[in-house]
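Positions -16 to 177 (my numbering) are the ones given, in order, by the sequence shown.
Any given hint could turn out to be false.
[Said to hold, decoys possible] Under the rule of at most 16 Å between Cα atoms (straight-line distance), these lysine to aspartate or glutamate pairs were calculated in the EDC-like manner:
id	residue 1	residue 2
1	Lys86	Glu136
2	Lys74	Asp56
3	Lys82	Glu105
Just so you know, these hints were derived from the structure itself, not from any lab.
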Amino acid sequence: MSNNLAENLFIITAPSGAGKTTLIKNVIEFAKTNDEKVFMSVSDTTRIPRSNELDGTDYLFISEEEFKANIDDQIYIEHARVHGNLYGTPKQPIEQHLKSGFKVLLEIDWQGAMEILKTYPEAQSIFICPPSIEELHKRLHDRGLDSAEVIAERIHGAKLEMEKSSEFKYQIINNSLETAFKNLLNIIFREKHG
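Whenever a hint applies, use it, and build me the whole structure from the sequences.
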């Protein structure tokens, strides 16, 4: 893959609750209404879908046996076990869309981001930060998806993740969804990389 194609790969990482999924959905809506070619990479996972998740849109939900066969077939750029479930990023759809002139978005944790940057060092890495750990705790509590124990675990993980934010080319602090969205659009659509 040529270097300049990988410049259109955008690796987006954030702690749980920082607003990454909402920001990405807004970017995809913007792309649709502005005739921009954007592809959202969909990862494979062995975890059970949440009630609001769609197979093939949020993740490709597959069995552990199928996932392990994919590892053997070297289908993934990276894969990891997170909270007891396997997650993997298939390489073929990413390369196919980059070659077809798409901007490819990849929503992934920081360890996965570091692995992908080994394969695509020219990719754009973006870390979305919450304004503070206190605000992150409030957002996780207010969305009502997790128990107090899970929230505590996510906050602990977020502190570790935020220490890695300096390893990303861009950092966006999500104080205001509107401002963070404009910053993300500027990185993806307006800025010449390099």
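Against the structure, the hints:
| no. | hint | result |
| --- | --- | --- |
| 1 | Lys86 - Glu136 | 33 Å, violated |
| 2 | Lys74 - Asp56 | 12 Å, holds |
| 3 | Lys82 - Glu105 | 15 Å, holds |
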